[in-house]
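> Chains A and B are the protein sequences, given in the same order.
According to the numbering used here, the residues represented by the first sequence are 1 to 317, in order.
According to the numbering used here, the residues represented by the second sequence are 1 to 371, in order.
Hints in this document: simulated from the structure, not taken from any laboratory.
Any given hint could be a false lead.
[To be verified] Taking lysine-lysine pairs in the DSS-like style, the calculated list, with each CA pair at most 30 Å apart, reads:
{"no.": "1", "chain 1": "B", "residue 1": "277", "chain 2": "A", "residue 2": "131"}
{"no.": "2", "chain 1": "A", "residue 1": "212", "chain 2": "B", "residue 2": "277"}
{"no.": "3", "chain 1": "B", "residue 1": "126", "chain 2": "B", "residue 2": "137"}
{"no.": "4", "chain 1": "B", "residue 1": "126", "chain 2": "A", "residue 2": "145"}
[What the hints assert, rightly or not] Far from chain A by the CB rule (all over 12 Å, computed), these chain B residues:
{"no.": "5", "residue": "13"}
{"no.": "6", "residue": "27"}
{"no.": "7", "residue": "80"}
{"no.": "8", "residue": "138"}
{"no.": "9", "residue": "179"}
{"no.": "10", "residue": "296"}
We put the beta carbon where it would ideally sit given N, CA and C, even for glycine.
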Amino acid sequence: MRIGLPRALLFHHYGECWSSFLSDLGFEPVISENTTGDTVIRGTVVADNEACLPVKVFAGHLLELSELSDAILVPRVVSQQRGMKACPKYLGLPDLARSMDSAMPPVLAPVMDLGATWNRWAREWYEIAVKLGVGAEKASHAVRKMVSSLRAGITETVEPTPSDFRVGVAGHLYNVHDHRVSLGLLDRIREMGAEPLTVEQVPRRLVRRELKALPRKIKWEFENRIVGAVLHWNRAGDVAGVIYLNSFACGPGSMIGALIDDELSREGSVPLMTITLDEHSGETGMVTRIEAFLDMLRRSRIDTAPGARDKRGGGGE
Amino acid sequence: MRLAVPRMGNLALIIRDLAVRFDLDYVETPPFSENTVRIGAALAPEFACLPLKAVLGNFVEVVENGADTLVTSGGHGPCRFGYYSEIQRRILEREGVEFRMLVLEPITTSLRAFYNSLRELIPREKASLPALFRELKQALDKMVAFDVLDKRAMALRGLEVVPGAVDAALAEARGMMIGAFTAKEIREARCEAEARLRGVRVDTSRSHLKIGIVGEIFVVLEPFFNFDIERWLGRRGAVVERATSISDRIYPRGRHPVFGYDEDSVAAAARPFLNHKIGGDGLLSVGATVIYARRGFDAVVHLLPFTCMPEVIAKGILGRVSSESGLPVLSLSIDEQTGRAGVETRLEALMDLAWSNRRAKERSAEMGVVR
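Same shape as in the complex, but just chain A (with noise of 0.2 Å):
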């Protein structure tokens, strides 16, 4: 039996989990390719109007796993931390799912809920697996493998490249590490001669000791991950500048998008810019404002750089 994973949302975060979960079943486990732009029109067609661009790709991805398999896993993830909400989307993905296309094989959607002891929401794995015909004693021990995968942290703390020039990427992990999405926004960082810096590469412990700070807790695991991020970044002086990579109508990301952008406004602190994507949003425009942002950001380097005046010498500007 071949089951469908979409390549989409928090697949980037889970995915290895969900479909070795999957294989210790005996099941095959069938991901969506890579997003393409085909992806993206296809998943905007059937997806509501008002959705955020992540559910409309996410949509796309689901329309492609619907002719290559039996079911469709799409997890409830109710919350991702303990104390935290998930976004409604994620509570409503498997109901929005099966309401996006009545040819679609049906959804399977246990509940995830790392906020609560597992065993509150493990059981519905499990019933699952022994619905679609696996063993008692073999599904139980998949879903026990599943859980502690997923107690021990997903993702590991990637060591950032070593650079001088380094620019803060805060955003979604399914729009930061989508290259179809992100319009190859990190790649392109790079080609122009920046090191972009993604919000899994700041530890922990950091996001947590800047969250304190805040006078009102952000009740959004991921949110929360982004805007501590962004705070250290401004902190420490780690980068150069921060570009917010924000989904257009994405709820949660307006508020924070005004918190980091209150934030960042004050005396001193790093450059800031903010890029909202959509279905309709084209490189050039997006490349056009990387250049702007790195050149604006070199051009206060070497200003601000110590001995910078007798650098420049006498009237060459």
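Given chain A, work out where chain B should sit, using these hints.
The following block gives chain B in isolation, referenced to the frame of chain A:
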């Protein structure tokens, strides 16, 4: 301390009541206007939803009118409403507005936080704990009465014999309620007020559409933003019912005294289509639509602010509810640029569709009899 509370439907009536009960110094929040929205939209983040922008505009206006303490509600759900207060505070401070913001956390988040911030508004000298509890309970009963009057009026407006009779009766009925403060007074006033509405002459033989309204609470309750949809539909002979009200939202233990279906039965109705809470009023929108379909309504209007997180998900799911139940559902997303004409055209189309469905049903029923 001169306080002010943002506007939302009948909330203004109950704030006036609380101000009398606890002798609060407060500034009446002006009704929403184009100016409010303009101020709010200019200051707020571009992709924030309409309620944030509108309330922000409201705050600027009340501070100009002399308020110094802005009371607002917190929250802990998946909806971004819980983070409003922080963003609004930062924006207003950046603009150099002088104020203090008092965030009332919902009881479900933290009873202590709720109690402490409530005590800042109503100090112990003004009301002991039992008195506070009693007065709040009475205010809640009064709130329910106001919402029930609204519900009755919506059910009658489409059938009234004399145009405007229901609205005149509603205004009188509300007037009866406003002066009631003790439990006994409220009970009696409610009977009297409901009797006043019952006294309106209606023509029950007139064939009419039944239309349900579901959606996000702010745009559903604020006539300025939904273009007074209840009256608009009522004037065109439709009997209207609304699934959302303030009392239902704040009533303890998930009971919905106004809508009549408690949280559990709404969730049960929604289950085949949406099997989890999605924050805000999302689950209620889906569940209430299913309930309306079962009760034989002719159409449902789903109102949401543009980019509203829970309601956009609900909107995607309502498409399936509609196609499986045959109940037409019109989702209207509203922002500061929504125009009256566009909304009314779509509502007219919805009513036409509902009428033609009705006639088709009647025709097939007749043919069934002939056969």
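> If a hint holds in the structure, say so; if it doesn't, say that too.
Status of each hint after checking the structure:
1. For the hint pairing residue 277 (chain B) with residue 131 (chain A), the CA-to-CA distance comes to about 25 Å; that is within 30 Å, so the pair holds.
2. Of the supplied pair hints, the one linking residue 212 (chain A) and residue 277 (chain B) holds, its CA atoms being roughly 29 Å apart against a limit of 30 Å.
3. Our distance criterion of 30 Å between C-alpha atoms is met by residue 126 (chain B) and residue 137 (chain B), whose separation comes to about 16 Å.
4. Annotation: proposed proximity of residue 126 (chain B) to residue 145 (chain A) is violated, straight-line Cα distance about 59 Å (limit 30 Å).
5. Remark: the non-interface label on residue 13 (chain B) is consistent with the geometry, its nearest Cβ contact in chain A lying 30 Å away (cut-off 12 Å).
6. The Cβ of residue 27 (chain B) sits about 25 Å from the closest Cβ of chain A, beyond the 12 Å cut-off, so the non-interface label holds.
7. Here residue 80 (chain B) does not stay apart from chain A, with its beta-carbon only about 5 Å from theirs, under the 12 Å limit.
8. Against chain A, the non-interface label of residue 138 (chain B) holds: every CB pair exceeds 12 Å, the least being about 32 Å.
9. Every Cβ of chain A is farther than 12 Å from the Cβ of residue 179 (chain B); the closest lies at roughly 39 Å, confirming the non-interface assignment.
10. With a closest Cβ-Cβ approach of about 23 Å to chain A, residue 296 (chain B) is found to remain outside the 12 Å limit, as its non-interface label requires.
Violated hints for the displayed structure, listed by number in ascending order: 4, 7.
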